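Peer 1: In order, the protein sequences belong to chains A and B.
Quick note: the working numbering has the first sequence finishing at residue 670, numbered continuously throughout.
Quick note: the working numbering has the second sequence finishing at residue 199, numbered continuously throughout.
To be clear, the hints were calculated from the coordinates, so they are not data collected in a lab.
Please read these numbers as outputs of a predicted model, since none were measured by experiment.
Treat the hints loosely; a few may be bogus.
Unchecked claim - Partial list, computed: chain B residues near chain A (C-beta under 7 Å):
no.	residue
1	R18
2	Y19
3	F20
4	S21
5	G22
6	G44
7	T88
8	V93
9	D94
To be verified - Below, in silico cross-link-like pairs of lysine-lysine (DSS-like), each with a Cα-Cα straight-line distance of 27 Å or less:
no.	chain 1	residue 1	chain 2	residue 2
10	B	K173	B	K12
11	B	K173	B	K11
12	A	K641	A	K666
13	A	K635	B	K24
14	B	K11	B	K24
15	A	K605	B	K12
16	B	K24	A	K641
17	B	K173	A	K666
18	B	K11	A	K641
C-beta atoms are modelled at their ideal positions from N, C-alpha and C, and glycine is treated no differently.
One letter stands for each residue in the lines below.
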Amino acid sequence: MESIKNLPVVCPSCGAELRVRALACPKCDTRVEGDYDLPLFLLLTAEEQRFVLDFVKCSGSLKEMAAQLGLSYPTVRNRLDDLIEHLKTLEL
Amino acid sequence: MKKLIYPFRYFSGEKTLVAGLVLMMVATILARIAGSTFRGVVSQGIDSLSFGQLLLQWLVGWLVLSALLYAAARIFSRTRTRIVDLVGNQAWARLPLLFILLGGMLPAVRRTIDAMECMAPNEMMQLDLTWVTIYGFFVVVMLVWFLWWSYCGFAVATNLRRGKGIAIYIVCYLLAEVAATWMTNAIARW
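Please put together the full structure from these sequences, using the hints given.
Peer 2: In structure tokens:
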């Protein structure tokens with residue numbers, strides 16, 4: 579069974595937001611070093627990321643998404659509203 | 010089990026509204042047969058009212074609370090609340106009130122309640138109150154169930170949850186109870 583590795587976005591020591599300092603090519607082992615922000619999408623929780631992907635796959639239709647997830651329309655809409663609120667706080 | 014505790018996560022809007030309207034008709038017919046009445050948002054009593062009066066009383070208990078919750082949602086919620094979700098959820102949340110009505114129709118309970126209606130408080134101790142006591146506990150459980158579903162229906166429809174949502178719900182419920190009690194009493198006097 580393949581183990582799931584979650585990308586850490588918060589420092590396990592002090593809780594600060596992590597940044598990208600190095601990128602590597604697994605084929606030729608080239609390494610790039612610098613100081614980059616994590617994309618906003620990666621700062622979301624795994625559940626929120628899943629929600630965004632499902633939302634896009636349903637062409638942005640909350641009704642279709644609710645039917646696929648077996649949830650009520652307002653439950654899905656509330657999740658979207660909570661996600662929007664979270665994005666707003668991350669953008670600050 | 011989750012669908013029983015949090016039904017509105019899974020069903021809302023048109024589905025709960027239709028189910029709630031069926032529930033209203035069943036409750037009104039049973040109340041007419043049993044000689045029961047609806048008072049305020051959740052209370053029930055004994056009286057002989059017409060089908061129309063009973064239907065109006067049920068509508069008042071349901072819609073006064075729904076209207077106040079909707080007004081609160083318009084003021085406090087950042088989510089666009091659909092009326093059909095709020096009204097539908099409140100309609101279906103009244104299911105436990107049907108069970109209170111059915112429990113009150115049990116012959117052993119009804120006989121004692123009818124006898125208590127005609128007695129002075131000091132005479133009531135002569136009655137066997139076992140069934141009425143059990144029924145009393147049952148009513149409390151059903152009322153807690155109603156309040157939980159009603160709050161959940163409000164929270165799902167408006168996205169007002171936790172402390173803020175609970176506080177708004179309690180205030181709306183108390184106001185609705187006062188207004189609906191006055192209105193249902195007026196309907197009974199017609």
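Peer 1: Against the 27 Å threshold, does the CA-CA distance of A/K641 and A/K666 hold or violate the hint?
Peer 2: This hinted pair holds, its Cα atoms lying about 24 Å apart.
Peer 1: Does the closest beta carbon of chain A sit nearer than 7 Å to the beta carbon of B/Y19?
Peer 2: Since chain A brings a Cβ to about 6 Å from B/Y19, closer than 7 Å, the hint holds.
Peer 1: Hinted pair, alpha-carbon criterion (27 Å max): B/K11, A/K641. Please report holds or violated.
Peer 2: holds (21 Å)
Peer 1: For the pair supplied as a hint, A/K605 and B/K12, confirm whether the alpha-carbon distance does not exceed 27 Å.
Peer 2: violated (50 Å)
Peer 1: With a cut-off of 7 Å on the beta carbons, see whether B/T88 makes it to chain A.
Peer 2: holds (5 Å)
Peer 1: Are B/K173 and B/K11 close enough, with their CA atoms no more than 27 Å apart?
Peer 2: Satisfied, since the Cα-Cα distance of roughly 24 Å is no more than 27 Å.
Peer 1: Quickly compare the C-alpha distance for B/K24 and A/K641 to 27 Å and report which way the hint goes.
Peer 2: Holds, at roughly 14 Å.
Peer 1: Have a go at the B/V93 hint: is there a Cβ in chain A nearer than 7 Å to its own Cβ?
Peer 2: violated (10 Å)
Peer 1: Classify the hint on B/G44 as holds or violated, based on whether any CB of chain A lies nearer than 7 Å to its CB.
Peer 2: Violated: closest Cβ of chain A sits about 37 Å from B/G44, beyond 7 Å.
Peer 1: Is the straight-line distance between the alpha-carbon of B/K173 and that of A/K666 27 Å or less?
Peer 2: Satisfied, since the Cα-Cα distance of roughly 20 Å is no more than 27 Å.
Peer 1: Given B/S21 as an interface hint, is its Cβ closer than 7 Å to any Cβ of chain A?
Peer 2: Holds, about 4 Å.
Peer 1: Is A/K635 close enough to B/K24, meaning Cα to Cα at most 27 Å?
Peer 2: Satisfied, since the Cα-Cα distance of roughly 26 Å is no more than 27 Å.
The structure is inconsistent with the numbered hints 6, 8 and 15, although it conforms to all the rest.
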